[in-house]
Amino acid sequence: MPTSKDKKKKKNTLGERRRKFAWLVPLASINLTLTLLSLSMILVFVATLEQVRIGIRGALAEYFESMYGIWHYPEQFWGGDFLNAIPIPIPGGYLLGGLLIINLTAAYITRFQWTGKKMGIQLIHLGIIMLLVGQLATQAMQEESRMQINKGESSNYIERFHGVELAFSDVTNPGTQKVVTIPQNILENGGTIRTADLPFKVQIKHFGVNCDFTVTPEGSKRGAIVQEVNRGVGQTANLTVSEKEEDFSSEGLNFGYLVFELFDGTESLGTWLTLAHPGGNHWWKESPKLSDLAFQPIRHEGKLWGVTLRSEREYLPYSIELLDVENEFYQGTEIPFNFESDIVLNMEGNQSRRALVYMNTPLRHDGKTFYQYQMNAAADYTVFQVIRNPSWLVPYIACVLVSIGLLWQFSFHLVRFLRKNSNSAQPA
Amino acid sequence: MSFSLPNTFCLTRALLTALSCLLLFSCGEEAEIRSYEIPTEYTGPVVTWELPDDWGENPDISGPMAGSFHVKTDLGPMGRIGVMPFRESVSSVDVANMFGMELGQSRMDEDDLKEISEMKDIEGRNFEWIRLQDTGHEGSTRTILLALYRNKGETWLFPFIGDRDLINEQQKNFESFLASTTLRAGEVEIRAKAPDLPPPPAHDQHGGPTWEIPSHWVKTSASSMRLASYEVKDDNGSKLDFSVTSFPGDVGGTLANVNRWLGQIGIDPVEESSLSKYVSPIVLDEKEAHLVVAEGDKDSLYAAILMVDDRSWFFKITGSRELARVEKPNFLNFLESVCFH
Chain A
1 MPTSKDKKKK
11 KNTLGERRRK
21 FAWLVPLASI
31 NLTLTLLSLS
41 MILVFVATLE
51 QVRIGIRGAL
61 AEYFESMYGI
71 WHYPEQFWGG
81 DFLNAIPIPI
91 PGGYLLGGLL
101 IINLTAAYIT
111 RFQWTGKKMG
121 IQLIHLGIIM
131 LLVGQLATQA
141 MQEESRMQIN
151 KGESSNYIER
161 FHGVELAFSD
171 VTNPGTQKVV
181 TIPQNILENG
191 GTIRTADLPF
201 KVQIKHFGVN
211 CDFTVTPEGS
221 KRGAIVQEVN
231 RGVGQTANLT
241 VSEKEEDFSS
251 EGLNFGYLVF
261 ELFDGTESLG
271 TWLTLAHPGG
281 NHWWKESPKL
291 SDLAFQPIRH
301 EGKLWGVTLR
311 SEREYLPYSI
321 ELLDVENEFY
331 QGTEIPFNFE
341 SDIVLNMEGN
351 QSRRALVYMN
361 TPLRHDGKTF
371 YQYQMNAAAD
381 YTVFQVIRNP
391 SWLVPYIACV
401 LVSIGLLWQF
411 SFHLVRFLRK
421 NSNSAQPA
Chain B
1 MSFSLPNTFC
11 LTRALLTALS
21 CLLLFSCGEE
31 AEIRSYEIPT
41 EYTGPVVTWE
51 LPDDWGENPD
61 ISGPMAGSFH
71 VKTDLGPMGR
81 IGVMPFRESV
91 SSVDVANMFG
101 MELGQSRMDE
111 DDLKEISEMK
121 DIEGRNFEWI
131 RLQDTGHEGS
141 TRTILLALYR
151 NKGETWLFPF
161 IGDRDLINEQ
171 QKNFESFLAS
181 TTLRAGEVEI
191 RAKAPDLPPP
201 PAHDQHGGPT
211 WEIPSHWVKT
221 SASSMRLASY
231 EVKDDNGSKL
241 DFSVTSFPGD
251 VGGTLANVNR
261 WLGQIGIDPV
271 EESSLSKYVS
281 PIVLDEKEAH
291 LVVAEGDKDS
301 LYAAILMVDD
311 RSWFFKITGS
321 RELARVEKPN
331 FLNFLESVCF
341 H
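Protein sequences appear in the order of chains A and B. Residues in the first sequence are numbered consecutively from 1, following the numbering used here. Residues in the second sequence are numbered consecutively from 1, following the numbering used here.
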């Protein structure tokens, strides 16, 4: 039985904390919690509706990976003709998630009694805080890429699903290739790019994440975007490019484009057009006219540079060789039953490991997880989805904490209930 | 449960803390230019050069050209120097004949070639040096200097086309240009040596066209460049050269090709807007094509350009203006007989 002195002490501890962190008290409000949870439900509802229009990636970017999103009431709903024109701000995932973390932490400090009796509650809330923090960390740190390997060949790089880079490769020296890459964020900013690694300046003229391109019909003039192009494939294939909005849908194919001019001092070396293939720039080789888009030669000061706009690429200190591919379908259907890649992981120090990668059985190596993603047994290649998520363990720990908390709390109440029952059942 | 209302200072501090936390989560990675070295992935051939000070680059590279240059003079750009890498060992006779015909020379054989060629050592590399003079036009000083370099089954050709005096004057520059080049064969398996005299594809096994040749046209040797080659002569000694060639892609486009041909018969190049002066639409085997008709002071040129499956087909007859007029109906009949099956 706790004495009145103990009770006073506990009360004083909570009271002291409240006094010390008085500024946190309003943030610990249960009303705030309920408001945030309600807004979260609205967010999920709106994002689900919008997913039909802009695809999963679009909805994620617009509503969850942002502080706020602007929603327009659907035209097809009742009163849509009138209400559609009104932009409605919706609090985004970062805002609600961040505020929920602050709200829970504040409650933890200023409202919870730190006693064994309430330890279950504390663990449950700690687990929920970890889940939220883990999700934010995942959003910030997780990288999703793809790796395509042809049968009998090996690959030592991965390409991001989203985001392109302008890559210059100096291939003059046998044996090694110097690569200089300019990422999408810098290309989007435009202007003139100078770097000590390149012997020329790069002036960005037009950049876009998606476009339509076609051979200019004879007798017509090239579109405004490529009018200045006088070198490379854009000129020889007489290509016309028209800007297109990014397609966020899962089937969407975005062909990034870039028109740039190179300068040696103040002397122009020419203006080039380059396009990024959404499936990887090796696909350009399938088209005789456009094959050079994978490597447009630029000769300067006795060196041969190749330029290409490609998916952002990361080279790995190891390579994966594809020995064989196999895919199985449910009988009489085209629904995949199993995709399987037989691979050899060639690590540093001449070490190698053979593995089978198939659905739900990924390959984990060096902080990256390689999931079986696509496969074309006829064309003999496989595609892995490569995930790097340093915080992948956090949700598991959070779930364990919540489970222990729930178990503790229920057990505590169960024991107390059983004790109380057994006491009252005793004969008078 | 009751809470006392916090003062304004406390509320401000709370909001600031909340905003800082949110900003922390919103911070992304900063984009930066990266530079790194990897084992060479590029498997193609490497051709690089350094240009002499008084040479300029021609931007309109067409066909198999890797580079095209001119000599800067007070009168404007003169001459034309090219870099043509071949992924096969082409024969010197074929190359010499290809350029020789542009100068109105009759076909030469190995012995003829020996008389106009020599080996030249430039910075430790052996170039085959072939000098061709214009013999088809009286008083012409048009000259073509060909430098060929062979390495691991691949051939690099450097043609210098221009006036004889210009070429003589620029020979040192041409040699220093050749000395500056880096020429490395590609790693991808190259084709076997092309046969010196492939038979003309009267019926191409790979889906190429067939045609009917007028009976009085005399077959001459085709080359790795020419799929068919014929000669037409009259009693006065005038002659016409007929050829069928095919290349992947549009080989620089109609304007570039027509201007090149016009130059060969002494007509100034035209702008795209004036192209219709020489080019008109025609239908070949139910396909849209271009008919080129150009008549110079002495020579004429009739040609048809057709694009089939991303491949350009050129049917061209050129030579004496008078004889060309006589043979024009035969050439048009030939075009009508072209069939891609």
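The hints are simulated quantities; they were obtained by calculation from the structure and are not laboratory data. Each hint should be verified, as a subset may be incorrect.
List of simulated lysine to aspartate or glutamate pairs, EDC-like, C-alpha gap at most 20 angstroms [stated by the list, open to error]:
(1) A:303 to B:41
(2) A:285 to B:309
(3) A:201 to A:247
(4) A:151 to A:321
Because the structure is a prediction, the values reported are computed rather than measured.
*In ascending order, which of the hints set out earlier in this document are inconsistent with the structure?*
Hint 3 contradicted; others consistent.
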